[in-house]
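Student: Position chain B relative to chain A; hints supplied.
Number of protein chains: 2
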Amino acid sequence: MSLDFETIYASNKFANPRLQPPRRAKYDFAVAYADPNSIPNAEILMCLEEALLDYGSELAIYTHTQGNTNLREYLVNKLSHNRDIQVTPDEIILGNGSAEIIDMVCDILLDPHDIVLTDQWVYGGTLKTLRKKMTDIRGVESDEEGMVPELLEQSIKKIIKEGKRPKLLYLIPTFQNPQGFTITSARREKILEITNKYNIPILEDDCYADNRYDGTQVTSFFNLDAEDSVIYVGSFSKIIGPGMALGYMTAPSSVLDMIMNVKRGRVSDFTAMTVEKYANRFLDEHILKINHIQKKRRDSMLSALGENFGTSARWSNPDGGLYIWLELPQGCDVQKLVEKSLNQIDVGFHPGTDYSPDPTKGHNFMRLCYGYNDTEEISTGISKLAEFLSKEEII
Amino acid sequence: MSLDFETIYASNKFANPRLQPPRRAKYDFAVAYADPNSIPNAEILMCLEEALLDYGSELAIYTHTQGNTNLREYLVNKLSHNRDIQVTPDEIILGNGSAEIIDMVCDILLDPHDIVLTDQWVYGGTLKTLRKKMTDIRGVESDEEGMVPELLEQSIKKIIKEGKRPKLLYLIPTFQNPQGFTITSARREKILEITNKYNIPILEDDCYADNRYDGTQVTSFFNLDAEDSVIYVGSFSKIIGPGMALGYMTAPSSVLDMIMNVKRGRVSDFTAMTVEKYANRFLDEHILKINHIQKKRRDSMLSALGENFGTSARWSNPDGGLYIWLELPQGCDVQKLVEKSLNQIDVGFHPGTDYSPDPTKGHNFMRLCYGYNDTEEISTGISKLAEFLSKEEII
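Here the protein sequences come in this chain order: A and B. Be aware that the first sequence starts at -14, since it is given in this note's numbering, and climbs by one per residue. Be aware that the second sequence starts at -14, since it is given in this note's numbering, and climbs by one per residue.
Worth double-checking, as some hints may not be accurate.
In this list, chains with the same sequence are indistinguishable; a pair is considered to hold if it fits within one copy or across any two.
Within a straight-line C-alpha distance of at most 27 angstroms, the following computed DSSO-like cross-link-like pairs (lysine-lysine) qualify [said to hold, decoys possible]: (1) 117 <-> 346; (2) 182 <-> -2; (3) 369 <-> 117; (4) 118 <-> 11.
Since the hints were made in silico from the structure, they are not lab data.
In isolation and in its complexed conformation, chain A is listed as follows:
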């Protein structure tokens, strides 16, 4: 006889069956991976050596509960220089990638059935987190300048009319995932005016801000906000690699105190001490290098789309980040072609449905990442994809 755990589990908890990760395609436009050759092995090794020499014996000690102090000091400077954010090391908490942080923020703010505002198309990882917390997710439409303030306010008013209140606005303001837009500075101010009017905090997911290839940087919501209403999250995943699983946050002090009560375990000090050494010596230079690579890959994907899709589809033209958002003719369904594409042409993509708060929408969209494959592979993969979609009578 086995113990029946079903009668024991806490309320509002669900199973998430352990699955093998899907096979990766040769032309992998699905998951947001960086160039595997960009991982700076030699420099990382050198930095670990230096870190072990300086702090090796500290591995015998429990690190600060908010994470490696030297790395938090580095981030104080980085946030000040790059995002116009002035905080102290005490106001930074490290996490296992931005994923842990976004989950913790949702945890302290959201009960089941609470309402969260997001973009109409938005990062699937955050959607999963919001869904497992059983929240009510409302998408707001955007144009090429980002979320449309008037539509945001309309949506808020509708929710208030329902006798409810939106508890959070989640935004990826710079190089939005998957749509690629960057919210302009004027529009950020407009959005803040609205959220502050209705007392809605913003979770600013800024993990692509360093990956700019064209145009000029737009300052952070955190900086523009005068009412201590923004929770800011960043990550090293898109500037070093997801294998470091290292993210960070800052927020009003009281929010950080709440976070520390739901935080579980500590971030690897072994990883953090290496990243700190690396970041101080090499990161700026490394970002220039990977952005140069990614710019060429974006351009390669854009021109391959132009050549192969012509006027049969529309796509975004991002100034940075890792994604192109492809809109196919209305009525088609690319979700059911994911497996077939993988098996027949070895091309991976994510269907638009993965990015839709409304599960009935997004079938005629796909997200294409250009980070992993080189320019030639991108060119070949996109041409295979167009041919495949044409055979499927989609374009």
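Tutor: Positioned in the frame of chain A, the structure of chain B alone reads:
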């Protein structure tokens, strides 16, 4: 004006004010740290080099959601050899130290006010986790063979009489923290008989099992259990260092699926790939080495206690682990002497109250760790402590 987050926070969430970690004492018998000189810097560096050569480009990729696959394969062998546990890599989930895992297990099993059974004196980290989940913690008394089965059953019957049910039994069966005992095999079977009779799962926290200095290993609850009722957690913190922040768990398959739904973010693959290389090549040998060091430190602390405390106190005599549990005359209160001891004699200890499910108990106990200081420092520190307690008229 600032946004009032107080009106937004989710239910049952509380602040945990960010504090600077307390100053560490010269004679640091407080936190469970390992010998700082035991950190094998040269081997770790060598192993990272090897790992980067073999898998460096995988840092560009999101690792398996359950954690590094090679490390999970290593753990399959380790658990089989050392703990008589037969599982597959799919049945292992990595975590940020055992702390993340214990928190996740509590998360899937416990609602506020649920009843959890623990030892009468038990690891303060787990108590904190249980308290922040607002559970009702009931301590059960033990003797030198561990939790007394008859008292466990009495406690369960009392809870049932209250119209409730215990949802979980938390145990550190081998080298219990802080009491140091190891539950005998016969008693493990007796305890399992009772928990299985009342359908209570066991969380087996086994993070000291490798740190045995005398006697013979006792098999795991997970192995003895015939009813799939045991959730097992282990860690590298006490055999490499807490700076790796690397723990692992196995459990019945349905429990693992529930865990994956509350798991946040991923464990650093950078750390995991290094630890895997290190563990395969060096860990067994390293464990022998640190156990040799820690045995001498334990002996040093035991003889210093004998010399300085004589019959004015009682203390445990553990076959392994890192702790001695010191019982002082009834009626005294060492909790209020923590600061004074740190400032006057530079000796750190944890008061027994930190280990008591019942906050009114434990004032005449202290936990002493012998992992960090060398034998001479231990001897000096214990003599200073005895002198200090004598001046305070406690002994």
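Student: With reference to the structure, classify each hint as holding or not holding.
Tutor: Tested hints:
In this assembly of identical chains, residue 117 and residue 346 lie within 27 angstroms of each other by CA distance solely inside one copy; the values are 19 angstroms within and 39 angstroms between copies. In this assembly of identical chains, the alpha carbons of residue 182 and residue -2 lie at most 27 angstroms apart only when taken from different copies (25 angstroms versus 34 angstroms within one copy). With identical chains, the CA atoms of residue 369 and residue 117 are never at most 27 angstroms apart, being 36 angstroms at best within one copy and 54 angstroms at best between copies. Taking identical chains as interchangeable, the C-alpha atoms of residue 118 and residue 11 are never at most 27 angstroms apart, the minima being 35 angstroms within one chain and 46 angstroms between chains.
When the structure is compared with the earlier hints, violations turn up for hints 3 and 4 and for no others.
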